[in-house]
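A.B. asks: In order, the protein sequences belong to chains A and B.
Okay, so the first sequence: first residue is 377 according to this note's numbering, each after it adds one.
Okay, so the second sequence: first residue is 82 according to this note's numbering, each after it adds one.
FYI, nobody ran anything at the bench for these hints, they're computed from the structure.
Among the hints, a few may not be true.
Stated by the list, open to error - Distance condition first, Cα-Cα at most 25 Å in a straight line; then the derived SDA-like pairs of lysine to any residue:
hint, chain 1, residue 1, chain 2, residue 2
1, B, K210, A, A506
2, A, K619, B, R213
3, B, K188, A, F596
4, B, K152, B, K249
5, A, K445, B, L155
6, A, K512, B, G231
7, B, K188, A, K445
8, B, K249, B, Q179
9, A, K512, B, K188
10, A, K434, A, K619
11, B, K161, B, L236
12, A, K512, B, L205
13, B, K188, A, L519
14, A, K611, A, L519
15, B, K249, B, A148
16, A, K619, B, K289
17, A, K512, B, A198
18, B, K275, A, R586
19, B, K210, A, I456
20, B, K134, B, V227
21, B, K289, A, K512
22, A, K619, B, A217
23, B, K249, B, E226
24, B, K289, A, V573
25, B, K188, B, A131
26, A, K619, B, L155
Claimed, not checked - Here are some, though not all, of the chain B residues that point toward chain A, as calculated from beta-carbon distances under 8 Å:
hint, residue
27, K249
28, Y251
29, V258
30, Q267
31, A283
Note that the Cβ used here is the ideal one computed from N, Cα and C, for glycine as well.
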Amino acid sequence: MKKNKLRWHGGLRGGRWLAAAALCLAVAGCATGPGAHPQDPLEPYNRAMTQFNDGVDKVVMTPVATVYKNVLPWPVRAGIGNFFANLGDLWSFVNNVLQARGQAAADSLARFGINSFIGIGGLFDVASEANIPRHKQDFGLTLGHWGVPTGPYLVLPLFGPSTLRDTVALPADTWGDLAWHARPVSTRNSLYGLRVVDRRASLLGVTGVRDAAALDPYTFTRDVYLGVRGDAADKAGSDDDGKLPEDD
Amino acid sequence: MAHMDWKMDRRALLRTAGALGASAGLARAWAAGEAPDALVGRLSSEVLDAVRKDPQIKAGDVHRIVALVDKIILPHLDFKRMTAASVGPGWRKATPEQQQRLQDEFKQLLVRTYAGALAEVSDLTIVVKPLRAAPADTDVLVRTEVRGRGDPIQLDYRLAQKPGEAWKIYNINVMGVWLVETYRSQFAAEINAKGVDGLIEALVARNKANAAGK
């Protein structure tokens, strides 16, 4: 699983959800007190929205994704996953350029070209076989690279974990997604639906492990999300990563 | 990219060792001086080989995986340090008994989680990336990549070596998130609310729920 998979791109218009999120924020209080996480002032709202999302996930997404996983053999699901990942490589290319990451941009463009043509529309990930690594990027991470702080943690309806910065980036990320431009609209919506189910199916094992590992799944998810999307993630790669003082 | 596939290296090494007729004693002596990246590569392939060969594990028997992890991985973890760092400032204030219980319960939680993750996977290979460290370093980062279905998964290890001892793992990074850092905030919430005993209780409850769930 890579960073972006923690966030769902649902099948609804970004703008409408932004408005809904703003409304939720306006009515939600702010968390204070000694236990409050500095990056999570909206914890009461976030916890309520997480509960709502988990409910939808349990009643709708998990059953649908489980059937999907049981019915479709792995090679078919692999092809579907590759197809959508290939669409993402093009937007990763744009964002790697915006972040002036030369090698990553070149790799992303090469991946998109190779997989689109030799990999038959992206169904086969030929580029990975050829050891051209994927460098996933999106506009939220680009804003971060430009110095925009993540802002508060924000759980969006249906989309799940996000931050204020990533929410602001959502319209750009929606536009940069090739599936968004698919026409007629019914085709686009089918693509969205298929992608959401395929992603959820690929994460079925992950959520189980998360629930076994966490004392509090809400804070666990939040901290992991902020860890992979935050400022530290942009600077990661030092040989001192994860080092602890000797006398800890 | 100059990746080393330790599975292959280990096979070659075993052949060489066999040809030389290396005794068990010699093998142990070699293991004590084992480089940190070699150690991580060896442990990774031992676990994957064992998972591959064990039909009970393939059938989803978590107890078997727990036993496997206990045997192969745990001797190479500095578990006291991992627990102390995850508990944070509360560690020094805890009694030796509390410290022992924290270690035992945390160990159980992590092994269970790791076993659960292993049970989810099949057909994996682990690639150890070239080590960027000076020979005199006593604290290094070993980066690996788990390749299987879907995108590769980043799995990094922080290892330290005390004079005259073997390298030991004391922190692990899964997909960009450090384990000690993650548990530090999980634990802090419990300690702030209910003290060290409250944290122990929460760990016990989590472990019980995990054991009942599988």
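A.B. asks: Now look at each hint and say whether the structure bears it out.
C.D. replies: Each hint tested on the structure:
no.	hint	verdict
1	B:K210 to A:A506	holds, 17 Å
2	A:K619 to B:R213	holds, 15 Å
3	B:K188 to A:F596	holds, 18 Å
4	B:K152 to B:K249	holds, 15 Å
5	A:K445 to B:L155	violated, 34 Å
6	A:K512 to B:G231	holds, 13 Å
7	B:K188 to A:K445	violated, 32 Å
8	B:K249 to B:Q179	holds, 23 Å
9	A:K512 to B:K188	violated, 33 Å
10	A:K434 to A:K619	violated, 38 Å
11	B:K161 to B:L236	holds, 21 Å
12	A:K512 to B:L205	holds, 22 Å
13	B:K188 to A:L519	violated, 39 Å
14	A:K611 to A:L519	holds, 14 Å
15	B:K249 to B:A148	holds, 20 Å
16	A:K619 to B:K289	violated, 32 Å
17	A:K512 to B:A198	holds, 23 Å
18	B:K275 to A:R586	holds, 23 Å
19	B:K210 to A:I456	violated, 29 Å
20	B:K134 to B:V227	holds, 19 Å
21	B:K289 to A:K512	violated, 38 Å
22	A:K619 to B:A217	holds, 17 Å
23	B:K249 to B:E226	holds, 19 Å
24	B:K289 to A:V573	violated, 32 Å
25	B:K188 to B:A131	holds, 21 Å
26	A:K619 to B:L155	holds, 20 Å
27	K249	violated, 12 Å
28	Y251	holds, 7 Å
29	V258	holds, 4 Å
30	Q267	holds, 5 Å
31	A283	holds, 5 Å
Of the numbered hints given earlier, the model fails hints 5, 7, 9, 10, 13, 16, 19, 21, 24, 27; all others are met.
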